[in-house]
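A.B. asks: Sequence:
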Amino acid sequence: MLRQEESCSKSLIPRILRGCSIIGVSLLWFSLVGCGGGDQDGAGANSERENLLKVSDLGVRKGGDGSIFTSLSEAVTGVGFHNPIDTSHPLKRLYWLGYAAGGVAIGDLNGDGQPDLFFTSGPGKNAVYLQKPGGNLQFEEANEAGVGGGDYWGTGAVMVDIENDGDLDLYVCNYEAPNQLYVNDGKGRFTEQAELFGLAVVGACLMPTFADVDNDGDLDLYVLTNQFVRAGGQPGDRVAYQGGVPRVKAEYRKYYDTRLVGIIERDGQKFRRDEVYPVGQKDLFFLNRGPGGPDGQVVFEDASNACGDLCGSPGKGLSATWWDFNRDGLLDLYVGNDFEDPDHLYLNEGVGRDGMPVFKDVIRESVPHTTWYSMGADVGDLNGDGLLDFFSVDMAATTHAKQKASMGDMGSLGWFMSTSEPRQLMRNTLLLNTGTSRFQDAAFMAGLAKSDWSWAPKIADYDNDGLVDVFVSNGVSRPFTQSDIIKNRPLSELRVGNTDWDLFEDDPPQKEKNLFFVNRGDLSFEEAGAAWGLDHEGMTYATAYGDLDRDGDLDLVTVNLDEAVGIYRNDSGTGNSILVALRGSRSNRFGIGATVEVETGSGSPQIRQMVPATGFLSSNDPVLHFGLGEAETVTKLTVRWPSGVEQVLGELAAGNAYTIAEDAAAPLRDSVPPKPERSLFAASDLLAHAKVREREFDDFSKQPLLPNKLSQLGPGVAVADINGDGREDLFLGGACGWPGALYLNEGGTRYGTDIDGPFDPDAISEDMGALFFDCDGDGDQDLYVVSGGYEAKEGTSLLRDRLYLNDGRGNLAKAEGYLPDLRDSGGPVAAADFDRDGSIDLFVGGRMIPGRYPVSPKSRILRNDGSGKFSDVTSEVAPQLLESGMATGAVWSDADNDGWLDLLVCYEWGPVRFFRNRDGALEDATAAAGLGAHHGWWSGLSAGDVDNDGDIDYVASNFGLNSKYHASKKKPTILYYGDFEGDGTKRLVEAEYEGGIVYPVRGKSCSTRAIPHLAEKFKTFSDFAIAELKDIYRPECFEDSLKLTASTLESGVFINDGSGRFEFRVLPRIVQTSPAFGSSLVDCDGDGNLDLYLVQNHYTPQLETGRMASGLSMLLRGRGDGTFEPVSPQLSGLVVPGDAKGLACADLNGDGRPDFVVGINDTGVMTFLNEGEGSFMEPVVEAGSLVPGARIEAVLRDGRKILREVHVGSGYLSHSSPRSALLLPAGTSPDSVTVIAPVGVGERADRR
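One point on numbering: in the working numbering, the residue at position 894 of the sequence shown is 906, and numbering is uninterrupted.
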């Protein structure tokens, strides 16, 4: 057992210090007084530094019953605290919200070294349970503690040393009654003094959380509020009209407000649609002004309106989480709000001129989305990169049946789903800290997106393997979202005369199992609640953790509604560990806000921040725990205190509890973020004026059950020197109603204004793929633009592609009569001389048929007659290509090294197809190439020799793994297109497997609107929710339908064996966090290996799916063996948070390095300039070197042989500068460079 405050004994030093290696900014001294052999003068000189480190042994772990956690009964622990559902209580209406079950806090209240427990209650009394000596998790209720709370409805509570005197006090939030502060006498007896301290606030208070926001050494208070609940529900006379607009009457504004939820058109007139809704409250913030009371006690000042954006808007708060996300030494705050109230991320900007701390809400520019109903939250390094991530839970059902039974008519909330910023999505959110100002969400991919009706996530290392796991508490007092109970009636109507509790009181509770997610590494978590003994089924709200028996592993305490609390002893028995307690001097006494980082010499460093109040209505033991796995020694431990002191200690033995005191004499560090390494790329405003805007179009009016919108798939970008000045110019594709535009490079750091005159007449056409090439052999770059999109009707002239001829001076004019009259809604385009007649031909991929998705459109081979006029020869040279699927990307490349350029095309709901070139005829060799098994939602292709073996490999961008969809070869995701209503109209039906059963993806409401007979067949949401797909529709519907499947959703690389056979390798998991579109293979750093850059995100799925905006783009450094190493956005400098689509590589500023330009839907472009230390030789530009399909072979300075190939049209809808393929590392001998140009049959242009 831990021996409280035991100093290092002389005999312990070799074991604890492993040779006494002390490292760092502040040397930690050890108390050896009484050990003998010490220099008394030295001891006197160091008297102020004694006791900076104290050490105690951890106890022997208890054995369990087979599971990792053992649930201990009241008979064992003596803890029988119970929060009932008291239906006779006058405040029973609070049971429908987070007020229902009270909170829990863990900490040593009486100074005996053992953690004690404190519980709050709504209808009952609060209670303290003091742990008995012996370490057997036996407690005794302290009836004389004086913390009962009277008749107040208690909610959340924390243990906090509010006086900085070394013992833990208690602060309790109450609903619409004064909050209470119980000041500890040091022995576990308390006196209520909230009013004396200025903290007896009255409101809709839910949870307090303390932090030293200004780093002045004392703790400030944030009080999270929720909403007031009016007895009797909404009154009938709640609104009065002012100018035709409803406004809540003044006497009811404490409870309600009105909001605009839409515009209704009736008889040609437009009318507002407003609704009354429960309004949240503004949170409260109290600044600690230090001793100033009449008895010298600490005094708090209400600064709720004085700290920038903090507490600036009302909300129904359920969590408030402090953490220093940007590592500047100042605690920031995430506030999670319920219902449609937005979350807030308050960036701490330090103390302003007026002496008050300043907070800025940066949620919109920092996160891709938030949870919709934000419940509890916690912070931890979930991917092991040394940065603290954020996890917030929602009410996302874990099974198809539960989800569909509770979805209701989501269409009624379409106004909110399409306008909230950031978007609020009904699932858990795992915000990965990237070290930049932007977070990525990875909840679906990590397996953490759904956890049922959740309250408290608790992130900690529960098995001592060095990886943090996640516990989630679940269940709720009544099934408030069951659609069959509500029967799709608007809650705004049901609430007149009723509270929400009134509506559901007679229904049974919604008991659910708690879940436990084991961290398997690499952002992969496995649910193992049953195996770990943590799958209690009930209504569990607050949860706190701590090593209650001080044996080196973390135990759990849960607060259950309508039953006794749960105490779970950890009996894992695996892995080594240490505990770290902090004692501040300049900083607050318990080191709240300090970060501790631990290294063991194996694996990544671990990081924790001392913020006990996490999860939901809970406060953990203020002692940090680190699981060490098999490591027996901590080689380095770093404490960064709020004061700015940094202390470093080395060679600490596992199996001990360490108490580290702040070195008051140490120098302070600045409160600024640590400077990262210089990034490889830097964002530039070169083309900030290049814009593209989408117009509103309702794709779902054509096909209601479309998985995704098809009208916003651009823009593509194309780069070439079109005026012969040696500089790279840009074409940015337009959108329907917005013309494409040309931007001329004016040298240095300037691009000219948009030139859209040639494109204005075709502005109504949707630009898709675009590329520059010399179509007529006159030596300049002409422009081909594919017309496509979903707005136009099938077969309309708006779908004709366009060719713009160059006059040699960069002036483009639309060519009439050069193209066949084809009216396909196209997508990709790629150029090459496939028949080796000396002129450049085109592949144009059919993307869709408007109104008939997913029927295959026509893809085409257009042969150039040498003068720039084209004819459709698909039926002649590639009949299998004609209706091969919905093409999304293509590249011409000599895949089998026979000298003929083959064609590779990727498809949505199809494979990457390989069309082998047999003397100018293309045959489908997909199956023989090993590509047929990988059906996916592919979006783009890039080509390059990624493993330096002398043949070309192919990167295929795909949908990724971070969505609601799951696919495998045995259990693919499925799409049917057929007549499911029996009226001759074909409709879409998506389906997926759950276990071995196939269910529809879409819910009852949207399915019924599209296929009306289902309303009669399925009277209730529950009936529809449990029905298998085969029971919903007639068998003949499936037999007569087009069926498509997808089994591979990962982006990856097809490694070529040299003969045109391929092995698929999945790219690293971090790449799979969002759908990828544009891609580029280029040597970014001059090391001779091809690197990979991908741009990501998809903003236009159907509303229920929600934006897929988790990507920031991803640079992967090529290792030269076909594998890639992800480069963090912080180090790459490539941060693209928008709906990125097109991507082109070119030397934009003429410095000889490859730069990037990214096309972003409904926005424009972002440009990134290469600022790396790598250098390149002058490109070998000669006859044939820029021709599509040209190959460049070279021998590098170190003897490695590399191969490059020129592609005109690749990635996604884009065209990179051919010169980017010619960039070779500096030091490459020009004499070793060979250019092989496929100019004509058997001709070679060599340079040696």
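Hints listed in this document are in silico derivations from the structure and should not be mistaken for laboratory results.
Treat each hint with caution, since some may be false.
What the hints assert, rightly or not - The list that follows gives simulated cross-link-like pairs (lysine-lysine, DSS-like), each with its CA atoms no further than 25 angstroms apart: (1) K525 with K703; (2) K998 with K414; (3) K976 with K870; (4) K144 with K104.
To be verified - Derived DEER-like restraints, expressed as beta-carbon distance ranges: (5) S79 with E1137: 33 to 41 angstroms; (6) G613 with D1163: 36 to 44 angstroms; (7) E575 with K1029: 47 to 55 angstroms; (8) G962 with D1163: 25 to 33 angstroms; (9) D1163 with R1209: 20 to 28 angstroms; (10) P1047 with D697: 24 to 32 angstroms.
Treat the numbers as computed from the prediction; the structure is a model and nothing was measured.
Cβ atoms here follow ideal geometry from the backbone N, Cα and C, with glycine treated the same way.
A.B. asks: Each of the hints needs a verdict: does it hold here or not?
C.D. replies: Here is how each hint holds up against the structure:
no.	hint	result
1	K525 with K703	violated, 50 angstroms
2	K998 with K414	violated, 29 angstroms
3	K976 with K870	violated, 30 angstroms
4	K144 with K104	violated, 35 angstroms
5	S79 with E1137: 33 to 41 angstroms	holds, 39 angstroms
6	G613 with D1163: 36 to 44 angstroms	holds, 41 angstroms
7	E575 with K1029: 47 to 55 angstroms	violated, 40 angstroms
8	G962 with D1163: 25 to 33 angstroms	holds, 30 angstroms
9	D1163 with R1209: 20 to 28 angstroms	holds, 21 angstroms
10	P1047 with D697: 24 to 32 angstroms	violated, 60 angstroms
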